[in-house]
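Q: In case you want the letters, here they are:
Protein chains: 2
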Amino acid sequence: MQIRELGEKAVLAYLSPFCDQRVGDDCAIMGQLLPDHDMVITSDMLVEGVHFSPQTTPPYSVGWRSATANLSDIAAMGAQPWGLTVCLGLPPTTELDWLLQVYEGLRDCASKYHTPIVGGDLVRSTIATISITAIGQVRIERALQRSRAQVGDLILCSGLHGLAKGGLELLLHPHLQDRLTPPETQLLIKAHQFPQPRLDVIALLQPLLSRSSGGMDSSDGLADALQQITSASGVSAHITWEQIPIHPALTKLSPEQALDWVLYGGEDFQLVLTLDPSIATALIDLDPSLHILGEIVPPHQGNLDFIRLDRGFAHFQP
Amino acid sequence: MQIRELGEKAVLAYLSPFCDQRVGDDCAIMGQLLPDHDMVITSDMLVEGVHFSPQTTPPYSVGWRSATANLSDIAAMGAQPWGLTVCLGLPPTTELDWLLQVYEGLRDCASKYHTPIVGGDLVRSTIATISITAIGQVRIERALQRSRAQVGDLILCSGLHGLAKGGLELLLHPHLQDRLTPPETQLLIKAHQFPQPRLDVIALLQPLLSRSSGGMDSSDGLADALQQITSASGVSAHITWEQIPIHPALTKLSPEQALDWVLYGGEDFQLVLTLDPSIATALIDLDPSLHILGEIVPPHQGNLDFIRLDRGFAHFQP
Chain A
1 MQIRELGEKA
11 VLAYLSPFCD
21 QRVGDDCAIM
31 GQLLPDHDMV
41 ITSDMLVEGV
51 HFSPQTTPPY
61 SVGWRSATAN
71 LSDIAAMGAQ
81 PWGLTVCLGL
91 PPTTELDWLL
101 QVYEGLRDCA
111 SKYHTPIVGG
121 DLVRSTIATI
131 SITAIGQVRI
141 ERALQRSRAQ
151 VGDLILCSGL
161 HGLAKGGLEL
171 LLHPHLQDRL
181 TPPETQLLIK
191 AHQFPQPRLD
201 VIALLQPLLS
211 RSSGGMDSSD
221 GLADALQQIT
231 SASGVSAHIT
241 WEQIPIHPAL
251 TKLSPEQALD
261 WVLYGGEDFQ
271 LVLTLDPSIA
281 TALIDLDPSL
291 HILGEIVPPH
301 QGNLDFIRLD
311 RGFAHFQP
Chain B
1001 MQIRELGEKA
1011 VLAYLSPFCD
1021 QRVGDDCAIM
1031 GQLLPDHDMV
1041 ITSDMLVEGV
1051 HFSPQTTPPY
1061 SVGWRSATAN
1071 LSDIAAMGAQ
1081 PWGLTVCLGL
1091 PPTTELDWLL
1101 QVYEGLRDCA
1111 SKYHTPIVGG
1121 DLVRSTIATI
1131 SITAIGQVRI
1141 ERALQRSRAQ
1151 VGDLILCSGL
1161 HGLAKGGLEL
1171 LLHPHLQDRL
1181 TPPETQLLIK
1191 AHQFPQPRLD
1201 VIALLQPLLS
1211 RSSGGMDSSD
1221 GLADALQQIT
1231 SASGVSAHIT
1241 WEQIPIHPAL
1251 TKLSPEQALD
1261 WVLYGGEDFQ
1271 LVLTLDPSIA
1281 TALIDLDPSL
1291 HILGEIVPPH
1301 QGNLDFIRLD
1311 RGFAHFQP
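One line per chain: the protein sequences are A and B, in this order.
Going by this note's numbering, the first residue of the first sequence is number 1, and it counts up by one from there.
Going by this note's numbering, the first residue of the second sequence is number 1001, and it counts up by one from there.
Hints were generated in silico from the structure; no laboratory data involved.
Using N, Cα and C, we set each Cβ at its ideal position, and we do this for glycine too.
There's no promise every hint is true.
So the derived list for chain A, only partly shown, Cβ under 8 Å to chain B, looks like this [said to hold, decoys possible]:
| no. | residue |
| --- | --- |
| 1 | M39 |
| 2 | V40 |
| 3 | V47 |
| 4 | V50 |
| 5 | A76 |
| 6 | G83 |
| 7 | T85 |
| 8 | V118 |
| 9 | D121 |
| 10 | S125 |
| 11 | Q145 |
| 12 | F194 |
| 13 | D217 |
| 14 | I284 |
| 15 | D287 |
Computed spacing ranges between beta-carbons, pair by pair [unchecked claim]:
| no. | chain 1 | residue 1 | chain 2 | residue 2 | range |
| --- | --- | --- | --- | --- | --- |
| 16 | B | Q1002 | A | D97 | 31 to 41 Å |
| 17 | B | D1305 | A | D200 | 24 to 34 Å |
| 18 | A | E104 | B | A1010 | 38 to 48 Å |
| 19 | B | K1190 | A | L34 | 36 to 46 Å |
| 20 | A | R139 | B | S1278 | 35 to 45 Å |
| 21 | B | Q1021 | A | L34 | 18 to 28 Å |
| 22 | B | K1190 | A | L12 | 27 to 37 Å |
| 23 | A | T240 | B | G1049 | 45 to 55 Å |
| 24 | A | D97 | B | E1141 | 35 to 45 Å |
| 25 | A | I284 | B | E1104 | 48 to 58 Å |
Please build the complete structure, drawing on both the sequences and the hints.
A: Structure follows, in structure tokens:
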């Protein structure tokens, strides 16, 4: 059934079970912040054909990835999530079933991370569009910011990069699956369709922090994160390139492109952190899957020179 | 110049002067709430061809109306605004000048009401799409909610209805301007293109309130607001219909449709409040442009029966 056959009120009645009971007034009332916490906020927009397509992203995954993208921004601040609002622009011919699966993905990801959907909007458009705002809270003296990297910090990464890009390649070019085992294929496709915001790392890190530290997520790629942090902090980085882990499935898929995918692929939603060495070591003790990429060094003394910044995702160019 | 000729980074460089300095991390850090205040949040999406069109809405007005729609939702809770995030989906062929005028309208409306633009997103789309989230803060014991109308409350309205719809009709059918004087035409077009969120009324009302009261904005029409409040509060309303003011310009424009526009036109962004009579009187003393529409009465004892709820704006039906 298409949503134009139902009308707006009936569609909203289908969606209301996914939303927190605060929905119903002109705004949702969120309550007060935790003691000594600051509020953080982030908004993203995703458009069909640009950020997702039927070929690569079933509707449940559209919802999941949309929630992850925003919750990952909350994690990138060292914060804990407080709520999401969801605006959807949809063609009248959208199938109700598609919409419900998007909401199931949104709800399942959000509720895994204890985050209510507290409001939003549903409007007619000519192309499926999702805009999400996430709010969170953090003790400001323990916030992560791009500008807080200090010389001597170790650079940590919360997980592997390039997997989401490898999964996207497999979805766009299914014949490439011949090069991998079924579990390898599943691993990469899952990395693309069901990325996780690394709020688990923040929960481990927060009790260890005594000062604001450097960090962001790698949604636009590992190379971009390294460049953004060092640039905003006025420092450089010495990366031990040979220690950057490359998953063997990526090398099997394309020995030529594997490193490019790791550096520039994006959408792995890992955290790139710059931490005092004692905190970095303590965090790795708690979660051995974190790994050290290198060290923050004074300006012009690093080895980031060969990052090709023109490789980033350019929204408005062909 | 079209934005595809500039690329994303250059476009963002043009937009950054419009935004608060908090922009730059994965989230904006908003700080703490005022003492004893709760946070409120609302999100809206506006799509070209559905919510605005070049014929009726120049780009500066697109920005202004987008900010007003969200700030009006903040006012509708009795809250004061704290910040806006702005997501824009744009075709690559969008003129930079159009985009800058949208942002000027957004910034001018937001800054008139002391509200910083604290973040957002800029992505490629096939149709111009604006999604705004507004956050605000309110003392919860003085919040306005749809469900808080009480029998005996007076129903107040912060201003005239139907003007925005009259202005839209004039823009869609310019020959109708022959029926009006130039100042009347300007009044109606201004009501459509530059509505004001009634935060001025909230500033007067808040010191008078000792309990949470009934209220919402009339963005979906006066009739809708009356219906929503009485339904959510489990009461009815006795409206003195003959006292509902109809601006003479509307009657000149269309004697047959003037009352319909007042009841169902929408987008006037006035406040519909249900207040204890002593507070209502005190508020009218402070701002005589507010007027009384009627009174809240027990269920089934009102006279809202002839509101035609099917007249509301239905998003997904032809």
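Q: It remains to establish, for every hint, whether it holds in the given structure.
A: Status of the hints after comparison with the structure:
| no. | hint | in the structure |
| --- | --- | --- |
| 1 | M39 | holds (4 Å) |
| 2 | V40 | holds (4 Å) |
| 3 | V47 | holds (5 Å) |
| 4 | V50 | holds (5 Å) |
| 5 | A76 | holds (4 Å) |
| 6 | G83 | holds (7 Å) |
| 7 | T85 | holds (4 Å) |
| 8 | V118 | holds (6 Å) |
| 9 | D121 | holds (5 Å) |
| 10 | S125 | holds (5 Å) |
| 11 | Q145 | holds (5 Å) |
| 12 | F194 | violated (20 Å) |
| 13 | D217 | holds (6 Å) |
| 14 | I284 | violated (23 Å) |
| 15 | D287 | violated (21 Å) |
| 16 | Q1002/B / D97/A: 31 to 41 Å | holds (38 Å) |
| 17 | D1305/B / D200/A: 24 to 34 Å | violated (56 Å) |
| 18 | E104/A / A1010/B: 38 to 48 Å | holds (39 Å) |
| 19 | K1190/B / L34/A: 36 to 46 Å | holds (44 Å) |
| 20 | R139/A / S1278/B: 35 to 45 Å | holds (44 Å) |
| 21 | Q1021/B / L34/A: 18 to 28 Å | holds (25 Å) |
| 22 | K1190/B / L12/A: 27 to 37 Å | holds (32 Å) |
| 23 | T240/A / G1049/B: 45 to 55 Å | holds (53 Å) |
| 24 | D97/A / E1141/B: 35 to 45 Å | holds (43 Å) |
| 25 | I284/A / E1104/B: 48 to 58 Å | holds (49 Å) |
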